[in-house]
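Student: Going down the list, the sequences are from chains A and B.
Residue 65 in our numbering sits at position 65 of the first sequence; the count goes up by one each step and never skips.
Residue 48 in our numbering sits at position 48 of the second sequence; the count goes up by one each step and never skips.
What the hints contain is simulated information worked out from the structure, not anything from laboratory work.
Source: prediction; values computed, not measured.
Just so you know, not all the hints are guaranteed correct.
Said to hold, decoys possible - Simulated pairs of lysine-lysine, DSSO-like, Cα-Cα distance not exceeding 30 Å:
| hint | chain 1 | residue 1 | chain 2 | residue 2 |
| --- | --- | --- | --- | --- |
| 1 | B | K68 | A | K64 |
| 2 | B | K63 | A | K64 |
| 3 | A | K39 | B | K63 |
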Amino acid sequence: MDNIGKYIEDDRFIRWVFDKDPQSEAYWRSFETAHPGEKENIRLARRVLKKLRTVDQELPENEKIVLFSRILKEIEGRERRHKSRIIMMEMMKYAAIALFFFLAGALLFSRQKEVYPTFAEQEQTAPVMGEEARLIREGEEDILLSDRKSRIEYREDGQVVVNDSVLGGTGLARKGIPVMNQLVIPYGKTSEVTLPDGTRVWLNAGSRLIYPGFFPDKTREVFLAGEAFFSVRHDAGRPFVVKTADISVNVLGTRFNLSAYAGDNLIETVLTEGKIRISQNNAGRFAESVEIAPGQLAAFSKEERTFSRSQVDIENHTLWTEGLMKFESTDLSRVIKKLERYYNIRFRYQDPLLGGIKISGKLELNEHCDAVLGIVADAASVKIDRAGEGFFEITRK
Amino acid sequence: MAEKDNSHQQVIWDQFLSGNKEAFAALYNLHAEAMFRYGTKLCSDRELVKDAMQEIFIEVFLKRHRLKTTAGHFRYYLLLALKRSVIKKLESGRRQLPREEKERYFEVSYSIEKSIIDQEEEAERNRKVAELLNTLPAGQKEALYLRFNEALDYPEIAEILHITVESVRKQVYRALTSIREKWGTSPPLAWILTLFLSW
């Protein structure tokens, strides 16, 4: 008989009723299924709590970002006061950085949930990643990109073309007002975007790119969380800089792949042609920076804060832009991780050692996911079985 | 699940302590809305609330090594800091108000929820309850809000309201008793609340 009180006093229950957070949603739903006798009590406890719901003033997303950019700017200002030079960036750049940290933080957040997965828990949390692919422009409505692969082009005259149709809008960029644009590509999708300077960027699944509607400065600067292949339009007067949370890649005109997922320890840059210099963010003047030549990979370890260089097969890192994946005696776990991102699915290993099996081959990613998994299973001599919606289990053959 | 969740929170917290701005952003993201919701109930001036939030987050980042809080109690820490800061700002702005009035301010309104299954009678009862909640004394409203909308525990609420844990319980109890009275004779709900209150 003491059964309503225990819910009303349970913080997690309160959070469920008020926050509608999907994780607790799943928890309480499965709790209900496991304890059918409690269903009525839960329903009543919810009703009591709902009476206590207040009408709240919300903090709109853009105000939230602007406020955080003010915070970052102030912090940076105070941190630099201790150093010799004070460099104050324009507010606009802080907004971009705030936005960037924000997204990177959000990604870090969602990726790390997968660090300690148990199968039961995975089943509950998995569908959460179903975010929409979209193009967000300041002062305009979001454009949802429903295709599996989207194509976006910023023309020189300031027009924006998405999947062959020209976008309307107030066109702040055309009036010479620099506004930040943001391309969000969730797991299971990819996109190809042509920036206003003619640079082409292929965005891989689970990535975000932030860039201005046109480049007003002497440097062309964009922000990336996730993986992208860049084909940079040569402009000796205006270097192109790709910033991630930890490193910056400086180029004039070249082609390279950059993989900087918030949940990965290594940030990998592979150069196809030209020359690039990679440096660590927020580091002193004598901090290490590296240059790499075509065919080389620079890996930055977030934990050790150091770079290492190696010679690689470029195709292994760039074929994804053509919907292909190539690997040579690569750990199964690495291949699986990429497939998880590409198809927005999750795997579980019967035995973690299975992840160490080396496989070689080429995958046609545009094929149906089941067909691709069949090929991977054959190559690794394991069994891959569907264990739920979007879930697969890898077992010994 | 709670444990897993906590270890995840701990990872972010540790990274924040080591100066990682992604983790800092994640924490901001996690708490900013709740702070704003709470702050705008203490004071209707949105900009003042945002200024206070800005100062608190800057302070928190720059003095992160000296913070007297933990990952699990950070929400409470931020709300308490926000309340202090908002009150300080209000006091410097309106000295002319009697002290009593300054401290008692807590503006909450409750919605009259419309549910498809609600009968007319039920809707009427809901309206009465909302009305009642809206007229509760500021202290009781704040206690209810912190307990049920922000899920703080009694000792934390006591700290924020500057009263003893026992008084918080009493505030909440009193508020819920009035709800029950307004509810009149609806047997199942009266029954629940009785249970709840005697618990």
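Student: None of the hints should be skipped; say for each whether it holds.
Tutor: Hints and how they fare:
no.: 1; hint: B:K68 - A:K64; result: 26 Å, holds
no.: 2; hint: B:K63 - A:K64; result: 22 Å, holds
no.: 3; hint: A:K39 - B:K63; result: 47 Å, violated
Violated hints amount to a single one, hint 3; each of the other numbered hints is respected by the structure.
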